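Full structure from sequences and hints, please.
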Amino acid sequence: MMTAPQARPAVPPVTAAASAPEPAPLLDVRGLTISYGNARGTLRAASDVGFAIRPGEVMGLVGESGSGKSTIAMAILDLLGGGGRVESGEILFDGTDLRRLSAPERRALRGDRIAAVFQDPFTSLNPALTVGRQIAEPLIQHKGFSPRQAAARVQDLLSEVGIRDPRRVAAAYPHELSGGMQQRALIATALGCEPKLLILDEPTTALDVTVEARIIDLLAKLCDSHRLSALFVSHNLGIVNRICQTVTVLYGGLVVETGPTGRVLSRPAHPYSKGLVAALPRITAGRRHRLPSIPGTVAKLSGPPAACVFAPRCPFAEEACRSRPQAMLTDAAGDGVRCWKADALAGIPWPDEDAGIARDPKKAQPRSAPLVEVDHLRKIYGANRSILPWLRRAGTVAVEDVSFTVGRGEVVGVVGESGSGKSTIGRALLALTEPSAGTVLFDGADLTRRVRQGDQDLRRRAQLVFQNSAASLNPRKTVGDAMDRPLVLAGRADAEERRKTVAGLLTRVGLPSAYADRYPHELSGGERQRVNIARALATDPDFVVCDEAVSALDVSVQANILNLLAELRDEMGLSYLFITHDIAVVSHIADRVLVVYGGTICEEGPTGRVLRPPYHPYTEALLSAVPRLAEDGQETPRILLEDAAPTPGGQGCAFAARCPRKLGAVCDEQAPPVHRTDDGHRIACHIPLATLAERAAVFPELAGDAPH
Amino acid sequence: MLAYTLTRLVYLALVLAVMSVLIFLVTQAMPGDVASMIAGQFASKEVVDAIAVKLGLDQPLIVQYGQWAAGILRGDLGRSLVLEQPIAPILMEALARSLVLAVVALAVVAVVGIGLGVLAAVRRGKLTDQLVSGVSYLGIAVPDFFWAIVLVLIFGSYMKLLPTGGYAPLSDGFLPWASHLVLPVVTLVLMLLARIARLTRSSMIDVLQTNYVKFARAKGMPESVVILRHALKNALLPTITVLAIDFGLILGGVVVIETIFSYPGMGRLLLFAIQRHDLPLIQATILVVSAAYCLANLTADLLYAYVNPKIRHGMKAA
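Line by line, the protein sequences give chains R and S. Counting from 1, position 596 in the first sequence corresponds to residue 596 in the UniProt record's numbering; the numbering is continuous, with no gaps. Counting from 1, position 197 in the second sequence corresponds to residue 197 in the UniProt record's numbering; the numbering is continuous, with no gaps.
In short, the hints are calculated from the structure, not lab data. Fair warning: this is a prediction, and the values are worked out from it, not measured in the lab. A few of these clues could be false.
Said to hold, decoys possible - Below, simulated SDA-like cross-link-like pairs (lysine to any residue); rule was C-alpha separation at most 20 Å, straight line:
1) S:K310 with R:G81
2) R:K143 with S:Y158
3) S:K310 with R:T42
4) R:K300 with R:T42
5) S:K126 with R:G81
6) S:K310 with R:G382
7) S:K310 with R:K143
Stated by the list, open to error - Pair by pair, the computed Cβ-Cβ distance ranges are:
8) S:A107 with R:N474: 40 to 46 Å
9) R:G382 with S:Y306: 21 to 27 Å
10) R:W390 with S:V18: 40 to 46 Å
Unchecked claim - Selected chain R positions facing chain S (Cβ under 8 Å, derived; list incomplete):
11) R110
12) Y173
13) H175
We treat Cβ as the ideally placed atom computed from N, Cα and C, and that holds for glycine.
Okay, here's the thing in structure tokens:
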């Protein structure tokens, strides 16, 4: 289903806001300082933080992980826990300082006047209680509803958040609902008592982009129609741009910039804000372009800062920055920036990433045979042939008839949402899962069979980097030991030589070689991911599968790792299968893109071609869901997809149930034909290619730089 | 759910069939010849052979097993050689007494153990937590026979409050029945409490850190609701498994405790059978104990489904 584009409520001009009588803020945080104490000392999570949210206003609180944004949200809810303590400051809600209230008084406000929605809908609902009962709880607790009255109100709330069969959903248990439905149920819970303030802590981060687009749309509508104020905690500037009127940027527990969203994102004043905006991956057709990144990691404070907290990572820093802490400078309109050089830096953008090694990319031999050939790959999970008739099961189709190739030195992006089968494809290419049907040829050899026969060399040549950088490293082994293991397995006997190799690899991925003696918990997320990459490179592979390798990282670090991967490809002639849900990230690194849905490839082609019409309807929806900043051009109408589960393994097109351009019964009943063009672009759709080509480009700015 | 239960019952039957073969073979391999034991030390070879023929001991093993297994399927557990009575009523009586012991002891362990575990988790790291850990460890660290003897000395011999052993049927009145149960139950509770309390504590700590507990607090639910409604039900899964294993354990006979308190349950019956080399009684007792274990585990798995709707859902799909 397609909905008309949502006009975002325009940001009021700064001058008008300044001259009109200022309404009293609903939430006014002043001088908030929060510490976490443990045996090793105290850590400042927030220092002298202040901001205000007016009635009906949505304020974004942005910053990378460790900036203290969630801590502040939890402090407002009085749910700090884990040794967190508010040292000083005021949290004025509707004129009352929440810190002066008793714990039961604050509890009575929670869920009633101040409601919250958290990051991960999959774990925020209690698996043992029905969804309806969980939505009803605050109504019964705060409003004195009888269970019967509450049940009626629950149905209304579920309809309001866009759930079409509220009766079924209310009676369901959480695991029976999709992620989008669960998040809607949580939003319904928050709305129940008609709160004045919503605390939204990364409410869409765990969701697929197409679902995220719908949830953001819903939240924007609800805030508008209920005149709700909201504190929107997020690391995603594109999302903040869609929903927030004002934004507060946090760094190292300090507010470094505040102002209207449009201004801050288009003309950021603080160097850190400039860096965040620059590092956001945007859709681009020029894949050789390096993403700007912010080097280093967030500073951790134990007391009041002695210098500018951002100075160690700031490209504009000079001596004066390192000798005294920065004060918040506020202009006439009330915008603030914590940088004494802000005026001097106005209009100066974050420096572009040094193209660095301007080495020519290793020339791939385009005519040689591809490195990886996947032919009619099929994978079914959970099939069971039992002697007991009631146990027999056909299984769930994860991958349905997928064929593609990866050339030498080529980066193939696989884009799709959760459940699309993209990770299964990656695992099959490393022989970590055995295909139910079809073949995977690696350098001409049948990978599955060779590995089963104990061929270690093929294993050595194909490696893997996972999403969760922490879980992929054994916490009890040092970085050096973790990297030593694949070398031993590869038959490198000389310990001294192995030690040198490890040091060399660490240097190669931009880490000091002394890191070999560190344990994983002593590293930041970005550093750990570098170690994982170094470990994957230890056996000198030809092919690396990156399964959401940058998805869990902050944008600043994400850019950094993407650049590293691109460099390694150029220098070592590596091939990647780059699996991600983020089509913007893929456009930065991939030569070719596969768009997968429900276990099938719906579109494949050179990156530049996939980003331009003709689109597969799913690709079009994916592209339109990519969050964008105002400076990137006019927002095109977003295509909002129903949150329905894909139906792989059926007769028709896997996307039929959610397709906004579904033709009719033919989509459900027959597998879509594949339209091919000469340049290797293929689209599997019942809609004729000419009709698909009539659609306007989602990114018109790409039209000019066609590669052909 | 029905399909799941059905599947489990099929597996249960398979397990018991395999068990019966094993039990039969193991008891055959035991030293000593049944016929000569019955005949006595001074009997002639002819007498012994006659007894063997009468008991069918001259038949090949497979035939003997077939007759034994067929009898069990008909509900005939055979005759005890020593007591010269049908086994079934003896066994059922002992099983009923063990069942009483198991139910009462486990009820106490479940209530006290889960309660202490929850308390310790909520007061994690505080004095209450350490106290609960300390006391429950004392229970598990000191062997059960020591507790049994200490309890007998204090409450039986010294204070003369409770009988030191034996069993009174319920038909003798509630008080005598209950008073005979107190000491064995308390000993069992001391033995089993620590594990349940520690297990509940650790899974409760995990659950208290989940997002849904945080969200329940964000909804403004009182702490009692957060703990009892949101956390406890999810924290009980591992506890249920261990409780079921403990149930099987007591039902199968806790030999030491039954011996010290002269409690005539399965443990003492088995001990008696082994000491007297009463093969049919040994076989039947072990088979019933195995069945009890399997049934206890099945009950635990069905309870799982009751507590966790996700598992229930999986069963529906099965």
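Results of checking the hints against the structure:
Simply put, K310 (chain S) and G81 (chain R) have alpha-carbon atoms about 29 Å apart, too far for the 20 Å limit, and the pair is violated. For the given pair, K143 (chain R) sits about 60 Å from Y158 (chain S) by alpha-carbon distance, which is inconsistent with the 20 Å threshold. Annotation: proposed proximity of K310 (chain S) to T42 (chain R) is violated, straight-line Cα distance about 41 Å (limit 20 Å). Between K300 (chain R) and T42 (chain R) the alpha-carbon distance is near 10 Å, which keeps this suggested pair within the 20 Å criterion.
Using a Cα cut-off of 20 Å, the hinted pair K126 (chain S) and G81 (chain R) holds, with the two alpha carbons roughly 15 Å apart. Restraint check for K310 (chain S) and G382 (chain R): satisfied, since their Cα atoms lie roughly 17 Å apart, inside the 20 Å limit. The straight-line distance between the Cα atoms of K310 (chain S) and K143 (chain R) is roughly 31 Å, outside the 20 Å bound, and the hint therefore fails. Separated by about 44 Å at the C-beta atoms, A107 (chain S) and N474 (chain R) satisfy the suggested range of 40 to 46 Å.
Between G382 (chain R) and Y306 (chain S), the C-beta spacing of about 24 Å keeps the proposed range 21 to 27 Å intact. In this structure the hint that W390 (chain R) and V18 (chain S) lie 40 to 46 Å apart at CB is violated, the actual value being about 22 Å. For R110 (chain R), the suggested interface contact is upheld, since its CB lies about 4 Å from the closest CB of chain S, less than 8 Å. Below 8 Å, beta-carbon pairs count as interface contacts, and Y173 (chain R) has one with chain S at about 4 Å; its hint therefore holds.
For the restraint placing H175 (chain R) at the interface with chain S, the shortest Cβ-Cβ distance is roughly 5 Å, inside the 8 Å limit, so the hint holds.
Figure legend: structure checked against the earlier numbered hints; hints not met, in rising order: 1, 2, 3, 7, 10.
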